[in-house]
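There are 4 protein chains.
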Amino acid sequence: METRTVAVVGGSGYTGIELVRYLLEHPGFRLIAVTSDTDAGKPLAEAYPALLGRTELTYIEHGAIEAMSDLDAVFLAVPHTAAMAIVPRLLARGISVFDLSADFRLKDAAVYEQWYGVPHAAPQLLPCAIYGLPEINRSLLYQRYQERHAARSSTLFSVNLGAPASSGAPASTPAPVLVACPGCYPTASALAIAPALVVGFAAVGPVVINAISGVSGAGRTPKPGTHFCAVNENVNAYGVGTHRHIPEIAQIIAWEAGKQLPVVFTPHLAPMTRGLLATVTLQVKPSVSASALESVYKVAYADEPFVRVLPAGAMPQTASVVGTNNVQVGIKLQEETSTLIASCAIDNLGKGAASQAIQCANIVFGFDETAGLITNPGVV
Amino acid sequence: METRTVAVVGGSGYTGIELVRYLLEHPGFRLIAVTSDTDAGKPLAEAYPALLGRTELTYIEHGAIEAMSDLDAVFLAVPHTAAMAIVPRLLARGISVFDLSADFRLKDAAVYEQWYGVPHAAPQLLPCAIYGLPEINRSLLYQRYQERHAARSSTLFSVNLGAPASSGAPASTPAPVLVACPGCYPTASALAIAPALVVGFAAVGPVVINAISGVSGAGRTPKPGTHFCAVNENVNAYGVGTHRHIPEIAQIIAWEAGKQLPVVFTPHLAPMTRGLLATVTLQVKPSVSASALESVYKVAYADEPFVRVLPAGAMPQTASVVGTNNVQVGIKLQEETSTLIASCAIDNLGKGAASQAIQCANIVFGFDETAGLITNPGVV
Amino acid sequence: METRTVAVVGGSGYTGIELVRYLLEHPGFRLIAVTSDTDAGKPLAEAYPALLGRTELTYIEHGAIEAMSDLDAVFLAVPHTAAMAIVPRLLARGISVFDLSADFRLKDAAVYEQWYGVPHAAPQLLPCAIYGLPEINRSLLYQRYQERHAARSSTLFSVNLGAPASSGAPASTPAPVLVACPGCYPTASALAIAPALVVGFAAVGPVVINAISGVSGAGRTPKPGTHFCAVNENVNAYGVGTHRHIPEIAQIIAWEAGKQLPVVFTPHLAPMTRGLLATVTLQVKPSVSASALESVYKVAYADEPFVRVLPAGAMPQTASVVGTNNVQVGIKLQEETSTLIASCAIDNLGKGAASQAIQCANIVFGFDETAGLITNPGVV
Amino acid sequence: METRTVAVVGGSGYTGIELVRYLLEHPGFRLIAVTSDTDAGKPLAEAYPALLGRTELTYIEHGAIEAMSDLDAVFLAVPHTAAMAIVPRLLARGISVFDLSADFRLKDAAVYEQWYGVPHAAPQLLPCAIYGLPEINRSLLYQRYQERHAARSSTLFSVNLGAPASSGAPASTPAPVLVACPGCYPTASALAIAPALVVGFAAVGPVVINAISGVSGAGRTPKPGTHFCAVNENVNAYGVGTHRHIPEIAQIIAWEAGKQLPVVFTPHLAPMTRGLLATVTLQVKPSVSASALESVYKVAYADEPFVRVLPAGAMPQTASVVGTNNVQVGIKLQEETSTLIASCAIDNLGKGAASQAIQCANIVFGFDETAGLITNPGVV
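Residue numbers (the numbering used here), protein chains in the order written: chain A, 1 to 380; chain B, 1 to 380; chain C, 1 to 380; chain D, 1 to 380.
It is possible that part of the hints are untrue.
For chains that are exact copies, the list does not tell them apart, and a pair is met inside one copy or across any two.
List of simulated lysine to any residue pairs, SDA-like, C-alpha gap at most 20 Å [unchecked claim]:
#1 Lys-223 <-> Asp-39
#2 Lys-285 <-> Ser-69
#3 Lys-285 <-> Gly-258
#4 Lys-107 <-> Leu-31
#5 Lys-42 <-> Val-380
#6 Lys-285 <-> Pro-262
#7 Lys-285 <-> Leu-261
#8 Lys-107 <-> Cys-128
#9 Lys-42 <-> Gly-313
#10 Lys-42 <-> Ala-250
#11 Lys-298 <-> Ala-312
#12 Lys-285 <-> Val-204
Just so you know, the hints here were simulated from the structure itself, not pulled from any lab data.
Isolated chain A, as found in the complex:
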């Protein structure tokens, strides 16, 4: 296996350090730099004492990445808007980018501006960005691998990035790849009902998604809303009608269903560090039976290395997937109303962010899709 050299840009937050955690043990990626403008000069193990003895790396400034000539890929874990300023430069240098921000997830720049409040800085890249949900978009990711493996350079990015990049990237060099890694809520929501939508089981009526997230989803910056005493012994809905994952969920659900479906999304916060549960209520056609649903789910996810469909009647719990890239899905058909209730548990920092990015990178670089992702978290 050829080793690839990678960096994490924005490595002091929860998503960034979760990337580090996985990459330190990855058999194919060699992590050579982790950046943080706020923590530059500080050993990672000082910021996160759990890393004592696990790495000697020290944070460097974002800008130091510019001088690194040997990077194959960057995992980008900076806030939205910051990401779209960095991505074009990295691509122009031939570096693949796995962007964990929201900047390249939405295909429509106008929708981006509507929800994020600023014009998109690199709209020309939106068509090229692959939405990195492998269970849905694996073939797109795999095509990139094939193109790169065949050393047939796609001219896509060099064209879009303009002449200088083009001239600097000879035809025999594989084009870099831009993967827009999904948000945590869209990942869980999409996987909860993908099998039912793809086969056309949905009836009319909105897709109602209620989700519950742990507090790490709100990021590491201390805020009144993440103070222990504000969150502990408390649950609440938040961002109702305004959460920025709404258009992203609508987009992925439309892809799954092959048509626009109305979506109602209500996220909640629960007093736990990690874990995300999305419970989706979907009206299905009256002809859909419980056994048909079960078959469809079993088949859809049979070969997925990270997704488990629970036995009939069982519902997943977040504790079963925390610390992993795993997904557990439970379904129940309420027959008298033809309603499918599908619940999906993920780790918001794992499958909802860092480990999913690495899963995409594994595919793009031709590693086994599970490389570095079979962790051994506590069972209790």
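Since the structure of chain A is provided, determine the placement of chains B, C and D on it from the hints.
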């Protein structure tokens, strides 16, 4: 204010001790006995050290209630099926009963048998039981007070209970009252959307209720599912399609809407001791505006002593009502899909159980509705 | 009962709002103003939604207190160093001050400077400040009440504050009182072993105090160390050898023992919002028996309205006192080593801060010592 | 590396399943059976859904172990007293035993009987059992490896087990090994002060140990004391003077100090699933300096693969070691009283139980000491 003498039957569980907590400070009810077959002989303050210095009461056996001649009312916090064996005897002795079990909540004995697995033991009492949700059924509760106050004995119970009780209850004695106190999920669900349903705003499509409860809702008996390590850092849906609050929710929603509405109810468990949040998604008629909804909610709850409608856009958190009989409701209209999202926070042991029972009792016995219920819980 | 008019200065933090919580229900104190420079203009119930329906008060700026002519007392919940700048002005206006900061707790200005890093701004007031631990200093507090009640003005403050105040305070006006309310760790530590120290049971060797606090003790300002994800599922010692409660603990223990005793104090943080447990290990004289210890504790606390000594062998839990001014103490003599292990549970925001301040104020103003402090917190 | 075949006897509890978790990924041990009398017939992944996709193993009954001919070692995670009934039979069959119960930890059968309330059933094995704390007893463990590697059979067990075992174990067969794996509190306490004790820094006066454990230490069986609502938002001392780890701590501390030292041990429970912190207060000789202490600790643990001494002034947190076999130690000398405060964080189920047993087994079977123990737990 004339003092009434009361007992708590089944006082060792969480609901029972919460009743005790309120009754110890109640200006109108004098708590003279608390029963528990498992803890009989043990001081309450030994089972619950927080009561040290607050009460000298000692648990007595359930049966000891039989010999008490001076009871005006019993708060009954025994499991379902146990309650319906006790209630007729208490009523026959002229003792009013506030039953916190599920036994007298459903009006249809067949539905009871379907969901609880046993035939109802006292179906003749079902029509007489008042479903004790004061915000919906205050007038029924108040009628009982008026009847009792006027010393015009209702013959209702004496008829139903048969001759012996009838002969033992002279016409000049007020009939006892049976109040079926609502479950925690039905309370929060009903209050979340009552204003919208009552005015006829609902369109077709199921009422989708996702709710999150603290662990005390599962009772005090140690079980694998309530072990700290099973619940901590974990959320999950449970009882999907099988939770016994489903028919109760359907019943109260039908009363509010004036017609049967399909209901989809998915409860979740969160790692906190108390608190319950019900988030209801309801399709409303396209003509319904956000301002109309806000007005309807404000008016509906304007005079309710325990219900607060939050300012537009704000959603309630359970921590704001824990330890009280208070209810906080937030609403949001998603206009493009004509969907009302209404979220309601209560304390599952308070408004969802004990304090609501006392609220009912206050009305029935002519006390101020808030008597004993203005607590001073921690704000942080 | 004559009503006294009070304000909370610094009412947006956890200690301040806990003062508000108690004062809103106090029969003798009328809370007319709550200040916060950061939240001025905002309703208290907006900052703390649990107060919805419990108060209509709105935060005003600290400075607005200056113009209020009718204040009997101020509860001061601003940070240390800020307090000592405000206190002299309030006293000069004849307003009694219950200061919850550390500024007037230490009797030695040099020790203050050593631990707080700045010279004391009002060292002349240190001798006049009463350390407000009623179980130890009740007689001092009560003397102030008697002086005030007798309208025999103490000239203490007028002398110390200089001529203008002196001339403005006629002999017939009671002097204002300055109470330095104890820190949370000193309160629990002092009450854990006061009975043993006062009777002279201590042998040589340091008093070893290990304590565990909930996170609210760290204040409301969001910091990396109070982020939910930093504290949850975690315990650690902190401030070892540097915690500012060390000299305060040494001072109160010396008062109790009648001599300086070496103190080793190690505080820990636990994942809970409220509650503080101090476990003290004390070498006692070999002649001290378990029964002697038990007797001494029982007698010492027999008439204390807020302190309970648990039965032999039982140890207190913080959950039993959270939300109250109560104290629970458990003791155990390890006979083979003549070691007393005494454990004391309090609410760090209650007896460790706000409610203890009110307990002091009750004494100073001649109210029943328990006025407004008999709360009815959840038992579960 | 020669693979060894192992079983976990008693695999349904928290310690047992933690053994399973590590052994499933171990490069040298092949886990072929996991027993549980209560869960026999149930897939492990049904009892612990986090294992879905990680193992297909199904629980078998304890007795089924008797028929297995190819076991090299058993990890025994049954309750005390049950263990000592099983151990002799396993040893007689030539199977090495890593016993996680308390049955073979204490060298003195009389002390065992005093604290566990029953006579020891196999006192003749106590001298042969190695107390499995590698940082203290590595040489004893390694001797067993050497003996086995040299195929020089120790006759120790065959003698002690009587003739039949002796005749069944030919001289050329390595004798089985019995390792008594330490308790969680003794492990953390011993490692906190081993360096100081071994070099003779201790002065007179008791070793005062205050420790805080997560709830998983109380086992998986549901009990009132492990109910979420009993433990959540609560801390308390327990087992004061009666905890069964007291004699074990005294024994290991005496080994470290080379003499009996009085020990005062107070364990506490905190609302977290895993993690254990022991804070030890030790009087040291007045000549001991902070720099001497720091040097001694650094040197003592320099080559330990799992122990980290934090920089001067830093104290460990349990979250940094949860999910691992790691140990973090912080020290502070309070010079004015010549008191060492040493705090040690471990995972009670890891280094405090399961992973430490595997660390011992690695040594005994000649694997790298860290084999299978370098996990990749979450950093946040």
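Against the structure, the hints come out as follows:
Taking the shortest alpha-carbon separations for Lys-223 and Asp-39, both the intra-copy value of 18 Å and the inter-copy value of 16 Å come in at or below 20 Å. In this assembly of identical chains, the alpha carbons of Lys-285 and Ser-69 never lie at most 20 Å apart, being 56 Å within a copy and 57 Å across copies at closest. In this assembly of identical chains, Lys-285 and Gly-258 lie within 20 Å of each other by CA distance solely inside one copy; the values are 16 Å within and 27 Å between copies. When the C-alpha separation of Lys-107 and Leu-31 is checked against a cutoff of 20 Å, the pair qualifies neither within a copy, at 30 Å, nor between copies, at 49 Å.
Taking the closest pair of Cα atoms, Lys-42 and Val-380 come within 20 Å of each other only across two copies (17 Å); inside a single copy the shortest separation is 33 Å, beyond that limit. Taking the shortest Cα distances, Lys-285 and Pro-262 sit within 20 Å of each other both inside one copy (16 Å) and across copies (15 Å). Taking the shortest alpha-carbon separations for Lys-285 and Leu-261, both the intra-copy value of 14 Å and the inter-copy value of 18 Å come in at or below 20 Å. In this assembly of identical chains, Lys-107 and Cys-128 lie within 20 Å of each other by CA distance solely inside one copy; the values are 9 Å within and 61 Å between copies.
In this homomeric assembly, Lys-42 and Gly-313 come within 20 Å of each other (Cα to Cα) only across copies, at 17 Å, whereas the closest approach inside a single copy is 49 Å. Taking the closest pair of Cα atoms, Lys-42 and Ala-250 never come within 20 Å of each other, the shortest separation being 41 Å inside a single copy and 37 Å across copies. Taking the shortest alpha-carbon separations for Lys-298 and Ala-312, only the intra-copy value of 11 Å comes in at or below 20 Å, while the best inter-copy value is 43 Å. For the identical chains of this complex, Lys-285 and Val-204 are neighbours both inside a copy (8 Å) and across copies (16 Å), given an alpha-carbon limit of 20 Å.
Violated hints for the displayed structure, listed by number in ascending order: 2, 4 and 10.
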